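Heads up: the sequence lines are chains W and U, in that order. To convert, note that position 120 of the first sequence is 120 in this note's numbering; the numbers rise steadily by one, no gaps. To convert, note that position 42 of the second sequence is 1042 in this note's numbering; the numbers rise steadily by one, no gaps.
Everything labelled a hint here was simulated from the structure, so no lab data went into it. Be aware that one or more of the hints could be misleading.
Once the Cα atoms are required to be at most 16 Å apart in a straight line, the calculated EDC-like pairs of lysine to aspartate or glutamate come out as [unchecked claim]:
| id | chain 1 | residue 1 | chain 2 | residue 2 |
| --- | --- | --- | --- | --- |
| 1 | U | 1424 | U | 1406 |
| 2 | W | 70 | U | 1380 |
| 3 | W | 84 | W | 38 |
| 4 | U | 1505 | U | 1469 |
| 5 | W | 82 | W | 108 |
| 6 | W | 26 | U | 1407 |
| 7 | W | 82 | W | 126 |
| 8 | W | 70 | W | 108 |
| 9 | W | 26 | W | 7 |
| 10 | W | 70 | U | 1389 |
| 11 | U | 1424 | W | 45 |
| 12 | W | 73 | W | 123 |
| 13 | U | 1505 | U | 1472 |
| 14 | U | 1282 | U | 1254 |
| 15 | W | 26 | U | 1469 |
| 16 | U | 1424 | W | 126 |
| 17 | U | 1449 | U | 1573 |
| 18 | U | 1449 | U | 1407 |
As the structure is a prediction and not an experimental result, all values here were calculated from the model.
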Amino acid sequence: MPDNAVDILLVEDNANDRELTLRSLKTHGFAHQILTVENGAEALDFIFCQGEFVSRQISNRPALILLDLKLPKVDGIEVLRKIKDDIRTKTIPVVVLTSSRENSDVDECYRLGANSYIVKPVEFSDFSNAVGQLGLYWLLLNNAPLG
Amino acid sequence: VAWRFQDRQIAWLLAAIALALFGLDAILPQGVGLGGFYPPIIAAAALLCSARAAVVLTIWCLLLLGVEYFVSAGPTSMDAARLALVNRVLAMIVVAIMAALLITCRRIREALSGSRERYEALVESSSEAILVSRDDVIEYANPAAVRMFGAARPADLVGRPSGDFIASLTHEGMSNGDGAVERSAQQLRTLGGALIDAEVVSSRFADSSGRAVQTTIRDIRERKRAEAALAESEQRFRSFMENSPAVAFMKDADGAYLYGNRLWHQYFNPSGRPTSDLDDEKLFSAEAAAELRRHDTDVLASDSTWQGQEDVPVNGRLRNWHVIKFPFTNVAGQRVLGGMAFDITDRIAAEEEVRRLNADLEERVRERTGQLEAVNRELEAFTYSVSHDLRAPLRGMSGFARVLEEDYGERLDDEGRRYLQIIKSNAAQMGQLIDDLLALSRMGRQPLKTATISLEQIAAEAFRQVTADEPERKIEFALEPLPACRGDANLMQQVWINLLSNAVKFTRDVTPARITVGSQETDGEHVFFVRDNGAGFDMRYVNKLFGVFQRLHGSEEFAGTGVGLAIVKRIIERHGGRIWAEGEVGRGATFYFTLGDDCHAG
């Protein structure tokens, strides 16, 4: 997949959630290029053009990163920290999409510079609505910096 | 004074008469002889002095008269001129003697009178009781005696037998004559019958009227009382010292012991050597004695009390003593040292034990805290997992049921679609359960953010929230004024939301639904309540009301997870308050709670 086509990077280890998220985005008409990765290490590889994505240009930034927190290998908090610590990537909007309602997670994510924090609703219609709304907001309404 | 003046006048008068007679005798013819007048005149004058002088002078005058008679009328004729001369010379001598007697007499009387006055004044004003008795009958009692014997006047005592008052006064013992003195301590009885401890001194004397006994009586009750008080005081202090639980001792400036109480002897002088033979060098090791001696000399040099610990052995075992040493001056005027020592060996051991136990305890608390922290971390990790991992499959169930419904719904019949609904609603309910459980768990872990809050405002807002989704419900909601309290605003909002949503839920089938929020003051404590007229509950199950997952109604009847009241209870308890409920099936329920902190009306 040509890396310049990636609009949304979805970092999600749960296959069901991945599928439901993608379905929701599609349902709400976001036929954008969506890349899904299953763990934090892979996410960092993509973002920082390492490993499998070594040929990618870092300046081709995704428009939005949907980031789960509880991830194998490198967890979401760490991914967030690395993104926001790097001058080249810190302005990419990162929306934390997680099951955790813990205040400590919310606080930590905002402290590290997350742009939004959304708790995945269990009820699918609510979940679908949430995904649709955040796609609408970050991809259409919001005006993100170019680089 | 009056009679003395008369006496002197009479004496002068008599002297003048005698002189006149003498003159007349000189100028009258011889042989008339006025010598016969002398004796009565002289006798009268002498009587004024003393009876004895009167007798002597009278005899002398009679002799004189006889001589004159024989001279003038005797057979032997004598020259008349010589006779007259002899007569006059004799008369002159008589007058001279008379004058001399008068003067002497007066002097004696004056001297006697002064002495008597002094004596009387002395006796009358004496503070000691004085009695004079003669032949065992009281003849005189001075005012002090009158007072002592409780008499109104001297006449109450005078004339009575001295034995009535002075029991053991015996005259046999005083038969040795004047000046014999007898002393005795007696108990005398007053006229009123009271007994007086007295020291009695009797002395015999003789006066013009014969022998008499003078008795001086000194009331020694006060002295006896003072002596008794002193003895009692000494006995009291001695018994205190002897029975003191502390060792008490006295040492002189050289370190020699002057006194040691019973405990001191028991501990340090069991062999019973004389106290004065002992000093610290003899009792203790040289090193210990030197330390005690240093404290002693410090106390005596600085003239101030010292307190501290001294360690000396008893029966070969070293013991710790809390010692107080103080300087004082003894009766002999020497500066000496007093001291008291308390055996604190056991206390020190106990303190050491307490210190050791405390250290142990702190160590154990540290360990336990570490364990608890580990458990807590585990719990956090667990709830984190629950929150994250338990929800993911539910989301899958719910999501794919929806996908199935959307993508394949047309191929399913109504029953198939109903089953899908059941899957979805169960997934949703389990999601709610997990959320509620996590909320309950958070309640216990979150720190309280207390501030003064308006429960009334919070309750109003909560009611607005819980009825927002059901605008069609007609509820008569009464919110009475509530006092302001200290509490966590967010948590208290949760309390009102849970209680009010219950009230709203359980009044669903009642028209009109009535919900009242208010407070009452009971025993100085504000009790808040939420009252409804809904389904109510059976008081038999009241203790199940606040348990987790405990429900008194079927979920078909009223929806809910059974966690709401458990959350309310936990919040109230974290505020230091209590919660309870009253209800009756079909008549409604009332939930009461208090908050630990002060609430203020207004």
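Right, here's what the structure says about each hint:
Distance check on the hinted pair: residue 1424 of chain U and residue 1406 of chain U sit about 13 Å apart at the alpha-carbon level, within 16 Å; holds. Restraint check for residue 70 of chain W and residue 1380 of chain U: the C-alpha separation of about 14 Å stays at or below 16 Å, so the hint holds. For the proposed pair residue 84 of chain W and residue 38 of chain W, the alpha carbon gap of about 20 Å is over 16 Å, so the pair is violated. With a C-alpha separation of about 12 Å, the suggested pairing of residue 1505 of chain U with residue 1469 of chain U holds against the 16 Å cut-off.
Note on residue 82 of chain W and residue 108 of chain W: the hinted pairing holds, with a Cα-Cα distance of about 14 Å set against a maximum of 16 Å. Using a Cα cut-off of 16 Å, the hinted pair residue 26 of chain W and residue 1407 of chain U holds, with the two alpha carbons roughly 14 Å apart. For the given pair, residue 82 of chain W sits about 31 Å from residue 126 of chain W by alpha-carbon distance, which is inconsistent with the 16 Å threshold. Note on residue 70 of chain W and residue 108 of chain W: the hinted pairing holds, with a Cα-Cα distance of about 14 Å set against a maximum of 16 Å.
Between residue 26 of chain W and residue 7 of chain W, the direct Cα distance comes to roughly 13 Å. Compliance with the 16 Å bound is thereby established for this hinted pair. As the CA atoms of residue 70 of chain W and residue 1389 of chain U are separated by approximately 9 Å, the hinted pair is consistent with the 16 Å bound. With a C-alpha separation of about 38 Å, the suggested pairing of residue 1424 of chain U with residue 45 of chain W is violated against the 16 Å cut-off. Simply put, residue 73 of chain W and residue 123 of chain W have alpha-carbon atoms about 29 Å apart, too far for the 16 Å limit, and the pair is violated.
At roughly 13 Å between alpha-carbon atoms, residue 1505 of chain U and residue 1472 of chain U fall within 16 Å of each other, so this suggested pair holds. Under the criterion of a C-alpha separation no larger than 16 Å, the hint pairing residue 1282 of chain U with residue 1254 of chain U is consistent with the structure, at around 13 Å. Only pairs whose Cα atoms come within 16 Å are accepted, and residue 26 of chain W paired with residue 1469 of chain U is rejected, the gap being roughly 30 Å. Pair hint residue 1424 of chain U plus residue 126 of chain W holds up; C-alpha atoms about 12 Å apart against a cutoff of 16 Å.
Taking the CA atoms of residue 1449 of chain U and residue 1573 of chain U, the gap is near 15 Å; set against the 16 Å cutoff, the hint holds. For a cut-off of 16 Å, the pair hint linking residue 1449 of chain U to residue 1407 of chain U is broken: about 49 Å separates their Cα positions.
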